[in-house]
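Enquirer: Using the numbering used here, the letters of the sequence shown map in sequence onto residues 1 to 309.
Source of the hints: derived by calculation from the structure; they are not laboratory data.
Just so you know, these numbers come straight off a predicted model, no measurement behind them.
There's no promise every hint is true.
[Stated by the list, open to error] Simulated restraints, written as ranges between beta carbons of each label pair:
(1) 160 / 70: 24 to 30 Å
(2) 191 / 234: 20 to 26 Å
(3) 147 / 174: 26 to 32 Å
(4) 188 / 299: 41 to 47 Å
(5) 157 / 42: 47 to 53 Å
(6) 188 / 281: 37 to 43 Å
(7) 70 / 262: 46 to 52 Å
(8) 220 / 299: 54 to 60 Å
For glycine and all other residues, C-beta sits at the position ideal for the given N, C-alpha and C.
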Amino acid sequence: MSRALRPARVRVPGSTSNMGGGFDCVGLALDLFLDAEFEPGDDALRVVREGGDAPGGDDLLEAAFRRELGIRGFAPAGTLHVKSDIPVARGLGSSAAALVAGSALGALAAGEALDPGATFAAAAEAEGHGDNAAPSAYGGLLAVVAAGGAPRALPMDLSPEVGFAFAAPPTRVSTRDARTALPATVSHAEAVAALPRVVALLRGLATADPELIGLGFGDTLHVPHRLRLIPGGEEALAAAVGAGAWGATVSGSGSGLLAVGALDVAPALAEAMRAALAERHGEAAVDARPVRPVQRGVSTVDTRRAGEG
């Protein structure tokens, strides 16, 4: 029986990660999405993005897609259509979302069912850490731990009373640059002080406890070093706290910033950070908005129904 590639379509949420004390182990899916669709064809694989074609060698989604097909003995042929509203290099998990989308789409195109666990494992391995891949694959708030060398994603409770706001200057910060900014070592005392923060963070998010969230968002391992890469970042975080945030920190590796507070205060937190960043960069250059958690990770769309109203 001949094997042929199948059409497939997926949607993947972006994410914030670290959230202060949860460095490299806590992530939350947000309502920013990447949509990708594969149409089989006879010609070499072509990637089409909204606004033009993407160069083949530079696209993480394409690389993950090719890898999954190659593992299954397929040669990629056809067209990948990609549309994303996840800002790049702003600490919202755009790379992880691309890897999750490519891995899931490759498996689906090969005729397999969607498997968030396998997709998470592949994306986490490719990225080197799973704190963004986990929420993109599973949705919700998760903690990621190493279990026998393999990452394991643990779902965590999140109170519906907690609101989130995001803001970013025009400055881009790559994950590589953000990691280069970190010290090679930290003192034993600093490491010990950091451990309880992740407990406070997760308990605070589960119970909407302002004090615990404030403690959990505190960090000395990565935030102070990464803030130096974000012009106006310190002022924006201070503005969020002044507007009622329970905690404010760098989103992922930056340059985006994340503030947390009562649900109805989220728009005010976004506006406070926007105003602070605009003083440095100008109003038009700043991206600021309330963001909402989403409980669904990578999902598939039946391409036979995708165009139906």
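Enquirer: Now tell me, hint by hint, if it's right for this structure.
Expert: Each hint tested on the structure:
| no. | hint | verdict |
| --- | --- | --- |
| 1 | 160 / 70: 24 to 30 Å | violated, 42 Å |
| 2 | 191 / 234: 20 to 26 Å | holds, 24 Å |
| 3 | 147 / 174: 26 to 32 Å | holds, 29 Å |
| 4 | 188 / 299: 41 to 47 Å | holds, 44 Å |
| 5 | 157 / 42: 47 to 53 Å | holds, 49 Å |
| 6 | 188 / 281: 37 to 43 Å | holds, 39 Å |
| 7 | 70 / 262: 46 to 52 Å | holds, 49 Å |
| 8 | 220 / 299: 54 to 60 Å | violated, 38 Å |
When the structure is compared with the earlier hints, violations turn up for hints 1, 8 and for no others.
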